[in-house]
Amino acid sequence: MVHRNKRRMTALACFLALALTMLTGCGTKDKEEITSLDQLGEPGTKIGVPGDMLEFETLQQDYPEAEVLVYDNYPLAYDDVAKGRLDAYVYARREMEFAIENGTAGVRLLDENYSKNTVAVGLSPISPIPDLQEKINTFISELNADGTLDDMYMRWVILADDTMPKITLPEHLTVQLRVGTTGTVMPYSYYVGTELRGYDIELAYRFAAWLGADVEFKIYDFGGIVTAAETGDVDCIMSNLYYTPEKGEAIPFSDPLFDVEVTAMVRATGEGSEASDGTVSWQDYNGKRLGVLVGPLMEDTAAEFFPDSEYLYFDSYPDCATALLTGKIDGFLGDEPGMISMHAEQPEIDYIHEPLTENNYAFAFRKDDPESAALCKELNEFLARAWADGTMDEIAEIWLGVDEARKVVDMSDLTGENGTIRVVTTSTDMPWSYIKDGKNVGYDIDLVVRFCRERGYSLELGDVDFAGRIPAVQSGKYDFTTDMNVTPEREEQVLFSGPTAHGGIVLAVRSSDLTTTGSVVAKGGYGSVDELAGKRIGVVTGTIHDSLAAKRLPTAQIVYFNTTADMIDALKAGKIDAMARPQSGALFISYEDKSITWLDEHLTDADVSFAFPKTKDGAALRERFSVYIRELRESGELETLREKWFGEDESVKTMLDISALPATNGMLRLAATGTQMPFNYVRDNVIVGFEIELAARFCEENGFALQVEQMNFDGVLASVQAGKCDFACACLAATEERKESVDFSEPHFAESVVFVVLDSTAGKQESFLDGVRASFEKTFIRENRWQLFVEGIGTTMLITVLSILFGTALGFGVFMLCRNGNPVANVLTRFCVWLVQGMPVVVLLMILYYVIFGKIAISGTAVSVIGFTLVFGAAVYGMLKAGVGAIDRGQTEAAYALGYSDHKAFFRIVLPQAIPHFLPSYKGQITALIKATAVVGYVAVQDLTKMGDIVRSRTYEAFFPLIAVAVIYFVLAAILTFLVNKVEIRIDPRKRSRKELLKGVKADD
Amino acid sequence: MLNITKNTNETELTVSLTGRLDTTTAPELEKELRDSLDGVTTLVIDMTALDYISSAGLRVLLSAQKTMNKQGEMKVVHVGETIMEIFEVTGFSDILIIE
Amino acid sequence: MIELKHLRKQYENATPLKDVNAVINDGDVISVIGPSGTGKSTLIRCINMLERPTGGQILLDGVDITAPKYDLTLARRRMGMVFQSFNLFGHLTVIENLMLAPMDILKKSKQEAYDTGMALLRRVGLAGREFQYPEQLSGGQKQRVAIARTLAMDPDVVLLDEPTSALDPTMVGEVQAVIRDLAQSGKTMMIVTHEMNFARAICNRVFYMDEGGIYEDGTPEQIFDHPKKELTRRFIKKLKVLELNVESRDYDFIGAGAEIDRYCMQNDIPPRTKYRIRLAFEELGQQMLLPLLGRTPIHVTLEYAPTEEQVTVTVAYGGERFDPAEGDNELSYMVLKRAVDDLAFSFDPEREAGNVVRVLIREKA
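Residue numbers (my numbering), protein chains in the order written: chain F, 1 to 1005; chain G, 1 to 99; chain W, 1 to 365.
This is chain F alone, in the form it adopts within the complex:
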């Protein structure tokens, strides 16, 4: 082992820099580029190093004027070097080279090595295995010779391949090899689940096999592992153990396994990315959009330091993080420890290192409560010791470090002999309290558990949003809560323990803000969402996208469309500049149409769920369904299904046959639009999709049959609310508004809404004729879609013809009733006609379907016939009134005078003369009726128009489906009109021939 002894003092031209450094705290001004290790000795130089390395001490000795900081989080360290917060990071060369090769930017390694460490196997001097040292050295040289060690190093360290190779131990095991290891060092010795893996573990197995021994692993932490070997608890230590002279005095070591060259990583200037110039400070963010956690502490801090900013309030850091990454905010306030761990988790998020405030964190207890005060005192004693004996440092190390393996909290050994304490936290609060692998872990959790362990308590944890924690404690439900910033205001409300952590509030920002990184990929000519200001944005009616878009772009013009297909047509035709779509939808559109792309920024992220009615049955079903979804999620099945449906390959998207489900326990009716790929859509005339499959599987498992009813998006929620369907899926986001009318199950998907634009780089259009041919094929031929059209025609004609017949009869009947001047009939009729004709037909239909017949199981088609019968009947009534009214009263009087009764006079004299007046309007009404039936899609009827929509939702095309539908309507109207014309001719008295008149009569000349 070699280490530098030389020290060099240099004249400091960076006096100013030092002064400035002091002024700005953590920020660094431009320093000279470090090209040699000597420069590390300059005063004020910040050098980072992992805490367990010997170098931690040697650096302090070698460079007394430098500041040596513990950085166990390697990516964080690299980033800080790149940003200039660290001047150098001293660590293993191989690891750092690997990081640079894999994209770590803005840094480079010094050519000189600072030191070299050796990793070897520690041995027990009193191991029962004879000649242990000799044996292991032989073993090692063999492995060296055949390249196994290199291979192992390559696999575990360089490639991070964590598969344990299978090593067979011999049949007759004569010897027991006890291997001491930590299980907390990746990739040398660590746990995956309950399995130990790593370089050293593999080594251990190999050695055991070589020895013909059985292997037993014993776990120790670094502090005690050497002692374990010393005392003979283990035969050897395999855990990335660095040799140091001190250790060497305690125990023998094997030959080196490998060397670790240690060097310094420094900032690279003039090479690729620019380092931060450190001029980014939190003051720059005053006036920008700021994310703030709900609560007086953060709010006051925001108001104090960012008075000009716009604030968006959030309940948790993860929410803030998402908002930051999706561009909703420019920065948010957080406590430094939390931000450190967040940066480690999400290097895209960083923070400005100058703290805005310095705080202590503590646990909060109930005030004015002697029991509470006593517990607090106990905790304080514990804390005092913990600070003194380094426990707190250890905790900080674990939880603020990057070593995931160490981040576990074991509560199994809590005895509870002295009682149970109840603690409330917010378990989305990294690093203080969060859920990992289904368990509560975190700095505070660890601290509390240790306290409990020592004091013999058992622990009950509660989880509440940040804003609710103090109230939870004050209510007496919990004994105390964790992770509270100590503020004077809070001290009035609660009793704080001694400090549990130190930190301060900092401003978290996007990492890219701190470096001027590369270009923004322009999409569709729009570099960012802001460029869409004032443009026309399309949204689908009934979704929440309009309010989202309007909030994000207040000056944009929101244009509404009834279906996605309409909107896409508009986008492609240039009628709108962008449209708001769920990202999944955008994805699928892009599969079909390469000219579609979307901007990165998320407008919102929402959980997509199924909707259930707010009834007892609805709640029960919802519960079962939620449980089902949770099971699928936990087993990973949900993700598998999602991947299947969201891929481009349609052929793998098969699912069970809904029609084959037996109704053992009944039948469930599901409302869906059938136009939302890949959630629910129509393929081969059958409705399929991610949500459909979830529903189908649920039904299968619970013995239900499933009937899917398609309708417009608007109708879906109404359908559930009215109880016409048992549940509904339509890629529904659980908004507050919607929750007022329906209840939502466990989300099965997280959707984000983005702005979809045309990709200006899309390829040239094919020829018109080709396009037409392709459209034709897609519209009619593929999946035999023409059948859909035929079905639609049938439905349309059925509704139309029935409505005409019933409506005419109704109108005529009512007219006859009212003719005699009967006041009741007349008033009632006038009122009904006014009602029916006063509202749009579609509203009438929906009222009938969802309100009047809401509780009755009646088909949409029947309701449509009823509705149109009313409409047509009212029209016929009006026409008759006018037509008959046009006949002179004298005709009736003449008839009376001849002796005709009122009844006969009407039918023989008046009506025949009225009909020619009345027929032209009648024809007009029929044509109008056929066209009016196009709205029955709103009451779950699949008429011609709806079929057109369904086809369009798959083909994303305008021309063929729409033109085809229009032509068909045209033809249908023409046919009906032709028929009526025929009737008209037949009954026209003028057209009768002389022969006809004189039938049966002998004429005289």
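These aren't lab readings, by the way, just hints derived from the structure by calculation.
None of these values were measured; they are calculated from a predicted model.
Virtual Cβ for every residue (Gly too), placed ideally from N, Cα, C.
Check each hint, because a few of them may be wrong.
To be verified - Cut-off 25 angstroms, straight-line C-alpha distance, at most; resulting in silico cross-link-like pairs (SDA-like, lysine to any residue):
no., chain 1, residue 1, chain 2, residue 2
1, W, Lys274, G, Thr24
2, F, Lys551, F, Val294
3, W, Lys69, F, Gly821
4, W, Lys240, W, Glu326
Unchecked claim - In silico contact screen, one side only, chain F against chain W (beta carbon under 10 angstroms); selected entries:
no., residue
5, Gly147
6, Thr892
7, Gly899
8, Ser901
9, Lys904
Stated by the list, open to error - Quick list of simulated restraints, FRET-style, between CB atoms:
no., chain 1, residue 1, chain 2, residue 2, range
10, F, Asn826, W, Thr54, 19 to 27 angstroms
11, W, Thr54, G, Ala49, 53 to 61 angstroms
12, G, Glu99, W, Glu330, 43 to 51 angstroms
With the hints as your guide, set chains G and W onto chain F.
This is chains G and W only, laid out in the frame that chain F set:
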């Protein structure tokens, strides 16, 4: 109904009548004459525009005649045919100086 | 035989028939005359119940057809009506118009109906037009078809509501001829008409309708030549009457003068006559009578007979006998006498306004 226009030329007063001289309007003329006859030596009643006269009108003329007889003379001029008839049948054509 | 008993028809704004009583005998041909708005049409329309009377009864051969439960079609079959506006069925040919009701109501066979229809067409002089539609006929032809249609039902009573009023003068004759023919056939008929000469020629009875009922009922000679009652007389003579009532000294003579002027203008009375009328009114009313006490109210009636071009002024006043000729106001009397041709005074002590002066306004120059 009845319009009375007076025109004085030294001691000659011409009174032009327009309209009807009947029971309703006669008192007007009477008053008018009574007030204006002082110092008049010649009174001329111009009946060019007179449409109608009844007994009431006749009486007023008679009274005026009597007055003027004392202080001068009175003549009635431009008498229409119908009115002339009345004068004749009642004998007034003898009493009045008609020119 | 039709009996009308206390027939009353009341509308919201008017009561055209207040209390009508009459007996119509079989074979009567009655013309119903009178000024407009006096209920002529209402009367005839009540008889076949096209208008339902507000009160009273109509007995058809003893059967009360106004009874609520009575089936009107029975009565109506026996009565036919010819309307002022013809009311032919436009959607049917002429012959069908004639055939329809007999087939539908009388249940005649098509052949029978056809034969009857054709015979009637010939009778009204329209043979050859059987296949034409009403819109192709002139007014007179339409009315004749209408009459034929009525006759096709062989009614006992034929009611005609101003059958020629809507016709061009040139066509009136042809329709009158048909009606005359009908009258001579012995059918009971009631005609509402303004054609008094025609009415006189064909009827045996005349109803003069006025004051909410049958004001005077008599033979044509009685009514047309010697109308007994005042209003009848006036009507017959087509008298144009103006009535003025001088109630007191405060009477508005100027207004009355204007009314007289208007009356004269409406009736094209020459100016000289107008003068004389006004003179007569003034002299007699204002000059001679008004100064006297106890003579008001003075009723003044002007009657103008256009046929004779004669204006009669009647002045009636109460009190003791007073003949203006004997009064003091000689001048006025002289003027009055000049304005009139004839002056007659009568006194009837029984009457309230017993003194009556009747003058005939002079026409001559």
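Now the hints, each set against the structure:
Taking the CA atoms of Lys274 of chain W and Thr24 of chain G, the gap is about 18 angstroms. The hint holds against a cut of 25 angstroms. Pair hint Lys551 of chain F plus Val294 of chain F holds up; C-alpha atoms about 21 angstroms apart against a cutoff of 25 angstroms. The suggested pairing of Lys69 of chain W with Gly821 of chain F holds, with an alpha-carbon distance near 19 angstroms, which does not exceed 25 angstroms. Only pairs whose Cα atoms come within 25 angstroms are accepted, and Lys240 of chain W paired with Glu326 of chain W is rejected, the gap being roughly 31 angstroms.
Taking 10 angstroms as the C-beta cut-off, the interface hint given for Gly147 of chain F is violated, the closest approach to chain W being about 113 angstroms. At a threshold of 10 angstroms, the smallest CB-CB gap from Thr892 of chain F to chain W is about 9 angstroms, leaving the interface hint in force. The interface hint given for Gly899 of chain F is met, as the beta carbon of that residue sits about 4 angstroms from the closest beta carbon of chain W, less than 10 angstroms. Look at Ser901 of chain F: its Cβ gets to within about 5 angstroms of chain W, closer than 10 angstroms, so that hint holds up.
A least Cβ separation of about 7 angstroms between Lys904 of chain F and chain W falls short of the 10 angstroms threshold, and the interface hint therefore holds. Checking the proposed 19 to 27 angstroms range against Asn826 of chain F and Thr54 of chain W shows it holds: the Cβ atoms sit about 24 angstroms from each other. For Thr54 of chain W and Ala49 of chain G, the hinted distance range of 53 to 61 angstroms is satisfied, since their beta carbons lie about 59 angstroms from each other. Glu99 of chain G and Glu330 of chain W have their C-beta atoms about 27 angstroms apart, which leaves the hinted 43 to 51 angstroms range violated.
Going through the hint list in order, the structure does not satisfy hints 4, 5, 12.
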